[in-house]
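Visitor: Here the structure of chain A is known, so what remains is to put chain B in place on it, guided by the hints.
Here the protein sequences come in this chain order: A and B.
When the letters of the first sequence are read in order and numbered with numbering that gives the first Met the number 0, they come out as residues 0 to 119.
When the letters of the second sequence are read in order and numbered with numbering that gives the first Met the number 0, they come out as residues 0 to 677.
Honestly, the hints are just simulated from the structure, not real lab data.
Be aware that one or more of the hints could be misleading.
Unchecked claim - Cut-off 35 Å, straight-line C-alpha distance, at most; resulting in silico cross-link-like pairs (DSBU-like, lysine-lysine):
no., chain 1, residue 1, chain 2, residue 2
1, B, LYS383, B, LYS365
2, B, LYS416, A, LYS41
3, B, LYS383, A, LYS39
4, A, LYS89, B, LYS121
5, B, LYS500, B, LYS287
6, B, LYS121, A, LYS88
7, A, LYS43, B, LYS287
8, B, LYS287, A, LYS39
9, B, LYS500, B, LYS611
As the list claims (entries may be wrong) - To give an idea of the chain B side of the interface with chain A (calculated C-beta under 7 Å), a few residues:
no., residue
10, ARG44
11, SER48
12, GLY52
These numbers were taken from a predicted model, which means no experiment stands behind them.
We treat Cβ as the ideally placed atom computed from N, Cα and C, and that holds for glycine.
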Amino acid sequence: MATILAVDDSASMRQMVAFTLKGAGHDVVEATDGVDALNKAKGKRFDLVISDVNMPNMDGITLIRELRSLPAFKFTPILMLTTESTADKKQEGKQAGATGWIVKPFNPDQLLATIRKVLG
Amino acid sequence: MSIDLSQFLETFYEESFEGLETMEQELLNLESGNHDPETINSIFRAAHSIKGGSGTFGLDSVAEYTHVLETLLDEMRDGRRAVTPEIIAPLLESVDVLRDMLTALRAGEEPDPAPVAASRQKLEAVLGAAGGGDAASAATEATPGAPAAGWQIRFRPHPHLLQTGNDPVRMFRELAELGDLEVEVDTDALPALANLAPEDCYLGWTLTLRGDVAREAVDEVFDWVEGDCDLTITPLDSAPPETPSAPAETAAATPSPAAKADAPAASAPAKKPTRPAEASSIRVAIDKIDELINMMGELVITQSMLSQLGEAEQFGPEHIERLRDGLAQLERNTRELQENVMRIRMLPISFAFQRFPRLVHDLGAKLGKQVELQLSGEQTELDKTVMEKIGDPLVHLVRNSLDHGIETPEQRRAAGKPETGIIHLNAFHEGGNIVIEIRDDGAGLNRDRILAKAIENGLVGPDEHLSDEQIHDLIFAPGFSTAEVVSDVSGRGVGMDVVRKNIRALGGTVEVHSEPGQGSTFTIRLPLTLAILDGQSVRVGKEIYIVPLIAIIESLQVDPEAVKSVTGAAQVYCLRDEYIPIVHLAEVFGVQAEARRLEDGLLVVVEGEGSKIALFVDDLLGQQQVVIKSLETNFRKVDGISGATILGDGTVALILDITGLIGLSRTRATGSDATRAA
Numbered sequence: 000m001a002t003i004l005a006v007d008d009s010a011s012m013r014q015m016v017a018f019t020l021k022g023a024g025h026d027v028v029e030a031t032d033g034v035d036a037l038n039k040a041k042g043k044r045f046d047l048v049i050s051d052v053n054m055p056n057m058d059g060i061t062l063i064r065e066l067r068s069l070p071a072f073k074f075t076p077i078l079m080l081t082t083e084s085t086a087d088k089k090q091e092g093k094q095a096g097a098t099g100w101i102v103k104p105f106n107p108d109q110l111l112a113t114i115r116k117v118l119g
Numbered sequence: 000m001s002i003d004l005s006q007f008l009e010t011f012y013e014e015s016f017e018g019l020e021t022m023e024q025e026l027l028n029l030e031s032g033n034h035d036p037e038t039i040n041s042i043f044r045a046a047h048s049i050k051g052g053s054g055t056f057g058l059d060s061v062a063e064y065t066h067v068l069e070t071l072l073d074e075m076r077d078g079r080r081a082v083t084p085e086i087i088a089p090l091l092e093s094v095d096v097l098r099d100m101l102t103a104l105r106a107g108e109e110p111d112p113a114p115v116a117a118s119r120q121k122l123e124a125v126l127g128a129a130g131g132g133d134a135a136s137a138a139t140e141a142t143p144g145a146p147a148a149g150w151q152i153r154f155r156p157h158p159h160l161l162q163t164g165n166d167p168v169r170m171f172r173e174l175a176e177l178g179d180l181e182v183e184v185d186t187d188a189l190p191a192l193a194n195l196a197p198e199d200c201y202l203g204w205t206l207t208l209r210g211d212v213a214r215e216a217v218d219e220v221f222d223w224v225e226g227d228c229d230l231t232i233t234p235l236d237s238a239p240p241e242t243p244s245a246p247a248e249t250a251a252a253t254p255s256p257a258a259k260a261d262a263p264a265a266s267a268p269a270k271k272p273t274r275p276a277e278a279s280s281i282r283v284a285i286d287k288i289d290e291l292i293n294m295m296g297e298l299v300i301t302q303s304m305l306s307q308l309g310e311a312e313q314f315g316p317e318h319i320e321r322l323r324d325g326l327a328q329l330e331r332n333t334r335e336l337q338e339n340v341m342r343i344r345m346l347p348i349s350f351a352f353q354r355f356p357r358l359v360h361d362l363g364a365k366l367g368k369q370v371e372l373q374l375s376g377e378q379t380e381l382d383k384t385v386m387e388k389i390g391d392p393l394v395h396l397v398r399n400s401l402d403h404g405i406e407t408p409e410q411r412r413a414a415g416k417p418e419t420g421i422i423h424l425n426a427f428h429e430g431g432n433i434v435i436e437i438r439d440d441g442a443g444l445n446r447d448r449i450l451a452k453a454i455e456n457g458l459v460g461p462d463e464h465l466s467d468e469q470i471h472d473l474i475f476a477p478g479f480s481t482a483e484v485v486s487d488v489s490g491r492g493v494g495m496d497v498v499r500k501n502i503r504a505l506g507g508t509v510e511v512h513s514e515p516g517q518g519s520t521f522t523i524r525l526p527l528t529l530a531i532l533d534g535q536s537v538r539v540g541k542e543i544y545i546v547p548l549i550a551i552i553e554s555l556q557v558d559p560e561a562v563k564s565v566t567g568a569a570q571v572y573c574l575r576d577e578y579i580p581i582v583h584l585a586e587v588f589g590v591q592a593e594a595r596r597l598e599d600g601l602l603v604v605v606e607g608e609g610s611k612i613a614l615f616v617d618d619l620l621g622q623q624q625v626v627i628k629s630l631e632t633n634f635r636k637v638d639g640i641s642g643a644t645i646l647g648d649g650t651v652a653l654i655l656d657i658t659g660l661i662g663l664s665r666t667r668a669t670g671s672d673a674t675r676a677a
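With the rest of the complex left out, here is chain A:
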């Protein structure tokens, strides 16, 4: 199945996302913030990136911008995890190159339904 990079500074969210995706048969690489994600992304290809927005060291918006500048990530779907209360981040994220978003709180089924939209 797909290889997915899951980025979140919250361990519980990361575990939940990774567990759900693995359960659906995907390979998951986990990263704890933007810097970590960028290091793990360099020189590799992913079918999908799912990233939290508000993270220490490098936030999700910057990460998306950085990823989009890498040739291997030019067309890769990148979804961000946002909340309703930070709705303005959606536009900011889109301008940085995000494909779409998943609104927190979400449950595993919603997560899987959403990524089906972007996985071939």
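Guide: Chain B only, in chain A's frame:
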């Protein structure tokens, strides 16, 4: 697929408690005038994570409460709201509220709603919008779609659409799941091959979607590409009444926390968390584990070296040499392995220290005192169990310093000191111990009042002469109520005797040193771990006892001239102008000693909590680390014994409780009062 979300709860709780600690610290930073954007941002981030996680894992009450908090923090972060003490106080309170909520939920209980509601009200009062401030924003998208027989969609992507990771083909597939889809491509914009940029999108589409499809469902498909395309969606014709689908999917897109609480059915799997097993866990830095693996590797090498040796047909002198080498290596491996296994349980003492900024802040405000808390040595590591148990005594001592030590600003000014008092918490390693100091620059202990109180309580005879040290030590005596002596702070149930008792239970000691007008220093000494002790083996008759190395000052051969007898049988030893009571271990424990006369044996001078005694033993054996086994759980409590251990040859040796023995020597000397005779 249904996933049990409760498996992530423990992680969520752990990270949330950490987040709350960060919030607390950073809020205190804010208060002390550090308005760095990153400070506010990290507070926001912590609240934001708790909100996101609690919503996801079904802790709706937490999510709902945190939402208000987050809204306020968001305004502060954006600079829409100034950082003032009036804001920080309710925010600090919200940290406590959240901590209580999470603690209750973690234990499988419902949080007490009263403090939550009260704190929420305060936050909303600050926000200036009492009651569901988010209702308006949530409502906008929720206008029900007009019923239609279907939709005609004109979709013309902007050239860069593909570079957002969106793919029209996948979007069409999604539309096709909603109803009967007809796709017509518009190639007008397609350039000649030579001019075609392969990464751009030149195609446009007209889509006809037939079926009973809600407008929102269509909108959702194009939600992500809004602004990246020209899009018109028109109903095919004004068609039959009422779409019955209150769309389940779109509910996910607009969850206002308030709405969620009213209709919890929306998030099906995120139900009541199952009660977590009473599992305590510890976070271990990865380098500690790597070190262990490394060490394990060395141990395996040593093992194979020794086993090769064991397989040798004939065992010659050259083998003995290698055997010795191997054993020496094994010893080193074992020791290192032991040290590193112990290190796993070690945490920096900052875990115990981090509650104090808040405590000092709150208590200082309550008492009307200005206090600055200084911390040092926070990285000093300490066994997790010891850490957990030292928390309360530390809190007591810090409160005590604030309460009785530090003076009011007026008093300080009058004494020619800066108005702001200083409490310094320091930790460091010394020998096999950790030392924690609580130092204040307050008034110091009031010698005369302590003495008067002690005489009044019958702790000290009216004409006894005590050194300053001994008088200061009286504050730890049972039945010595400090509250009336130095100041009055109500609601403090325990005295310093409990502090000392608790610290002793950990195998530690606590002492106080005080200078009038300069302040006091409380010094706590604790073993690094409760599991292992550095000991000196001593022999009395056929028995072997272990004396904790930390307690030993010196060992000496007895000079008969220096032994003085005081009233009756009690003996003291005169060592450098100091009279030290002699304790015959053989008598205390009722065993047969070898040495009858003092000059045939040895004295081991030990110290505990400021007092010294000389233990009379037959012989000194080796020094070694021993693993402590509880005597109490396996047998019963024995005075003067703190535990037992098993020696290399399999025999059991008892570990001496030095402070207990000092106490015993005092009771034995009652009447003669040998302790202070000289």
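Visitor: For every hint, state whether the structure bears it out.
Guide: Verification of the hints:
For the hint pairing LYS383(B) with LYS365(B), the CA-to-CA distance comes to about 32 Å; that is within 35 Å, so the pair holds. Distance check on the hinted pair: LYS416(B) and LYS41(A) sit about 59 Å apart at the alpha-carbon level, beyond 35 Å; violated. For the hint linking LYS383(B) to LYS39(A), the alpha-carbon distance of about 34 Å falls within 35 Å, and the restraint holds. Between the alpha carbons of LYS89(A) and LYS121(B) the distance comes to roughly 30 Å, so the proposed pair stays at or under 35 Å and holds.
A threshold of 35 Å between alpha carbons decides the hint, and for LYS500(B) with LYS287(B) the separation of about 33 Å falls inside it, so the pair holds. Distance hint between LYS121(B) and LYS88(A) is fulfilled; the C-alpha atoms sit about 28 Å from each other, no more than 35 Å. This hinted pair checks out: LYS43(A) and LYS287(B) have alpha carbons roughly 30 Å apart, not beyond 35 Å. Using a Cα cut-off of 35 Å, the hinted pair LYS287(B) and LYS39(A) holds, with the two alpha carbons roughly 24 Å apart.
Taken as a hint, the LYS500(B) and LYS611(B) pair is honoured in the structure, with Cα atoms around 19 Å apart against an allowance of 35 Å. Checking ARG44(B) against chain A: minimum C-beta separation of about 5 Å stays under 7 Å; hint holds. Look at SER48(B): its Cβ gets to within about 5 Å of chain A, closer than 7 Å, so that hint holds up. For GLY52(B), the interface hint holds, since its Cβ comes within 7 Å of a Cβ in chain A; the closest pair sits about 5 Å apart.
Of the numbered hints stated above, the single one contradicted by the structure is hint 2.
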